[in-house]
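> Here's the letter readout for the chains.
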Amino acid sequence: MSAWLLRRLAWGAVTVLGVLGFLFVLFFATAQPEDVARRAIGEKAPPEAIAQWIANHGYDRPRLWNPEDPLDTMLFEHYRRMLTFDFGRSDADDVPISQRLRGGAGPSLALTVPLFLLGLPLALAVALLVAFFRETYIDRVGVVLAVVAMSISILIYILGGQYLIGVLLRWFPISGFAADPSVIARFLALPLLVGLLNGIGSDVRLYRTIFVEETSRDYVRTAFAKGAGDGRVMARHVLPNAMIPILTHEVVRIPFLFTGALLLESFFGIPGLGSITVDAIHANDFATLRVMVYLGALLFVAGQILTDLAYTLADPRVRLG
Amino acid sequence: MSAAASSTGPDLLVVEGLVTSFPTSRGRRVAIVDHVDLRVACGEVLALVGESGCGKSLTALSIAQLVARPGRVDAGRVVLAGRSLAGLGPREWRRIRGGEIGMIFQEPMTSLNPVQRVGAQVIEAIRLHERVRPREAQRRALGLFERVGIPDPEARLGAYPHELSGGMKQRAMIAMALSARPKLLIADEPTTALDVTIQAQILDLLRELGQELGMAVLLITHDLGVVNELADRVAVMYAGRVVEQGSREDVLATARHPYTVGLLGSLPARTPRGARLVEIPGAVPPPEDWPSGCRFAGRCARAYAACAEAPDWTPVTEGHTVRCHAVAREIGA
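Residue numbers (our numbering), protein chains in the order written: chain A, 1 to 321; chain B, 1 to 333.
Watch out, some of these pointers could steer you wrong.
[Said to hold, decoys possible] Stretches of chain B that chain A covers, calculated by requiring three or more beta carbons in the stretch to come under 8 Å of a beta carbon on chain A: (1) 66-74; (2) 106-112; (3) 125-139; (4) 160-174.
[Said to hold, decoys possible] Label-pair restraints from in silico Cβ distances: (5) B:D204 / A:D218: 18 to 26 Å; (6) B:H162 / A:L6: 21 to 29 Å; (7) B:A155 / A:L320: 18 to 26 Å.
Don't read these hints as lab results, they were simulated from the structure.
Only a predicted model underlies this, so the values are computations on that prediction, with no experimental measurement involved.
Ideal placement from N, C-alpha and C gives every residue a C-beta, glycine not left out.
Please model the entire structure based on the sequences and the hints provided.
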């Protein structure tokens, strides 16, 4: 077990280092520091100001090789900063990135955690129901609705939800956010609803397939043959077995609750890490963007390891080693 | 009365006109089990034999109302211990399944829940039919494991299915099926997936248990060796219908139906050394192509004009009956 964990962590480290390498190539092979500086402080900025900005952000070092000091390069600095979590300041507005992360994690979690905690049981319940009535009209209607729900773009849900509920019905504000607990629910209700609607189609379809596959297994027939009823068979036999493939799908999502939901946060004005990422893309804010991608890679590796650990809990046949 | 018939007691299970259908790809429903009649006397072992796909397993599932959608039991009368099982509600069926009818299946590898300890699965079966405390259920499960010959039963109760061998899993299945002392055990190809040496042990165990508990067994198999080992009476199925029924001696020694004769003729053990095995020409047609008349006619050397009609039962001797026009003509002539 501990040997397994060490091996997985080593592979995770290799993955993360590789991602950082790709990031470096992607950004510094395409962008010149002068362009980034001009976008940050204005096209008509004087050359001295641009040189100053570049020096302040550390983009004036040689890229890969410095004959005077081999460690004083952009590549080394890139790895050093990321691996020591010394994220520096935003390219766009000079705000310290770690401060921005701390500010964004709360609003992101306020949206994504309820979305996950409501969405998973909801999708599981609907999928169990539809799978229980498989080969009947309930099943067919359910599958058609699920396919329709997953085929509609999230943008339609966002704009439609804002228009219907925010403009016509005036139940909730169209967008905005306040951390005050007395009003936060009013701001989160609509993005939550849209997020649930957007995710439930594909989840129900996937889980239904898993459940239907499990209900056709021999052990299910055995359970019925010993006199168990429908509900008992579904809850005690089908669900625990179906959890094995469902866990792969769900556990890997958990770490990403931190990084937020890109489009939902951006459209609903929730100042979470998702909208920070979208803003950074729009502003060509490389410094912020690479932190977000780096965190994504770390969380992905964490998710993979968590998934494998979850397997050992769900399936006695799995032993890590 | 023949010796075979007199050795059997009153009927425990009577099945009459059982029809189970599945939809074809063209939407029509085809009867995969077509007017099947069976009788199992108390304490008797009836073997239902036939090739794979002839509907014998489906017959067993139909008796216990375990046919999965889109399959459907369309007609038939099933009487268990004098009580008709028609029109029973789900609650009563739950009491009958496992309580009065125990079942074991072909694949012990997949028939047990892979993520639940075998002990817990046996205890579940016990507690579904009797209100006993967990500790008492545990004690009984231990006794059942001992009875079916599982060594070190205490440790095995805590094992997961993948930690047991195929033979041990099948013994655990048998223990589970016996947990509520059913009157009838339906054993669907119980030894097919096992090694030959293990097969013999499981067959011995089933015979012992049947005698000890006075339990009737409906044994479903394609293996005539197993029939010879275990069966008191035999019913031969072909393409959804029972074509011949009788005592083990009637069917194995004096088979009359051309299909049974062909089946026995293809056995290596019954063929003289060096002689060619005789095979039945052709193959079982797929269900949607089953003829309305005698279903074996297309492969039968003795088929004639009358075989376009479905044959009725023709008694050969007391307790031995055949559904065949050619046999009926021979006896009548």
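> Under the constraints set out in the numbered hints, which ones does this structure not fulfil?
Going through the list in order, the structure violates no hint and respects every one.
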